[in-house]
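Letter by letter, the chains look like this.
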Amino acid sequence: AQSVSQHNHHVILSEAASLELGCNYSYGGTVNLFWYVQYPGQHLQLLLKYFSGDPLVKGIKGFEAEFIKSKFSFNLRKPSVQWSDTAEYFCAVSSSGTYKYIFGTGTRLKVLA
Amino acid sequence: GAVVSQHPSRVICKSGTSVKIECRSLDFQATTMFWYRQFPKQSLMLMATSNEGSKATYEQGVEKDKFLINHASLTLSTLTVTSAHPEDSSFYICSAYGGNQNEQFFGPGTRLTVL
Chain A
222 AQSVSQHNHH VILSEAASLE LGCNYSYGGT VNLFWYVQYP GQHLQLLLKY
272 FSGDPLVKGI KGFEAEFIKS KFSFNLRKPS VQWSDTAEYF CAVSSSGTYK
322 YIFGTGTRLK VLA
Chain B
45 GAVVSQHPSR VICKSGTSVK IECRSLDFQA TTMFWYRQFP KQSLMLMATS
95 NEGSKATYEQ GVEKDKFLIN HASLTLSTLT VTSAHPEDSS FYICSAYGGN
145 QNEQFFGPGT RLTVL
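Chains as they are written, first to last, in this note's numbering: chain A, 222 to 334; chain B, 45 to 159.
These aren't lab readings, by the way, just hints derived from the structure by calculation. Nothing here was measured: the structure is a model prediction, and the numbers come from that model. Among the clues, some could well be false.
No more than 25 Å apart at the CA atoms, straight line, and that leaves these computed lysine to any residue pairs for SDA-like [unchecked claim]:
1) B/K64 with B/P84
2) A/K321 with B/T93
3) A/K321 with B/P152
4) A/K270 with B/V47
5) A/K321 with B/P130
6) A/K321 with B/R68
7) B/K85 with A/H228
8) B/K85 with A/S317
9) B/K108 with A/H231
10) A/K270 with B/Q73
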């Protein structure tokens with residue numbers, strides 16, 4: 222069965238620190254990969270997605286993610302976080318053609334001003 | 045991006061009553077809609093997948109008689125929580141997928157509180 226793991230459940234950083242959130246999945250076929258952000262009290266917003274092509278994907282708000290197929294990973298990065306990045310981040314995976322998502326457990330990021 | 049709305053955004057009801065939540069795709073036709081449940085500080089758990097004009101497909105462990113899903117048109121799906129109990133209190137989120145879009149678009153969610 223497909224599964225998605227986000228190993229960092231809670232992350233606390235100071236402003237300007239670099240961020241990397243891990244996401245690993247288990248699935249043998251072709252996948253589509255997503256990172257979503259959920260700000261407090263708000264709905265899910267898409268940060269970035271990967272379907273094919275360049276494994277380094279750039280998203281909104283300065284985020285990027287790298288798909289490493291051999292490691293079944295799709296880690297999210299940002300070189301310098303801001304207080305406004307405080308939110309919960311979800312990795313999601315779907316097998317190509319189904320669009321049914323499996324979500325990771327989420328990572329709660331707190332950025333200290 | 046495509047817009048998905050949900051109504052109501054919050055609902056408080058008494059135990060034993062039924063609650064209907066609407067999910068609409070505002071600017072595209074959604075062939076498939078998904079319903080999720082999110083408990084506090086937890087991830088989204090897929091409850092069911094609904095395709096326009098056909099019966100919903102429920103995930104394992106989700107009671108189809110308790111969570112009635114209707115997808116009568118390409119822009120509207122409804123989730124009815126029947127005979128709600130306090131343990132049904134949660135955040136319910138829908139998403140929509142349309143043929144020209146290759147991702148799901150999420151609604152803002154509905155917070156259900158059952159007293």
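Here is what the structure says about each hint:
Restraint check for B/K64 and B/P84: satisfied, since their Cα atoms lie roughly 21 Å apart, inside the 25 Å limit. The straight-line distance between the Cα atoms of A/K321 and B/T93 is roughly 8 Å, inside the 25 Å bound, and the hint therefore holds. In summary, the hint linking A/K321 to B/P152 is supported, as the alpha carbons are separated by about 19 Å, within the 25 Å threshold. Restraint check: the Cα-Cα separation between A/K270 and B/V47 comes to about 18 Å, which is no more than 25 Å; the hinted pair holds.
Straight-line distance between C-alpha atoms of A/K321 and B/P130 comes to about 28 Å, which puts the hinted pair past the 25 Å bound. About 18 Å separates the Cα atoms of A/K321 and B/R68, which keeps this hinted pair within 25 Å; it holds. Taking the CA atoms of B/K85 and A/H228, the gap is about 15 Å. The hint holds against a cut of 25 Å. Between B/K85 and A/S317, the direct Cα distance comes to roughly 29 Å. Violation of the 25 Å bound is thereby established for this hinted pair.
Distance restraint check for B/K108 and A/H231: the Cα-Cα separation of roughly 34 Å exceeds the 25 Å cut-off, and the hinted pair is therefore not satisfied. For the proposed pair A/K270 and B/Q73, the alpha carbon gap of about 21 Å is at most 25 Å, so the pair holds.
In the structure shown, a violation is registered for the earlier hints numbered 5, 8 and 9, in ascending order.
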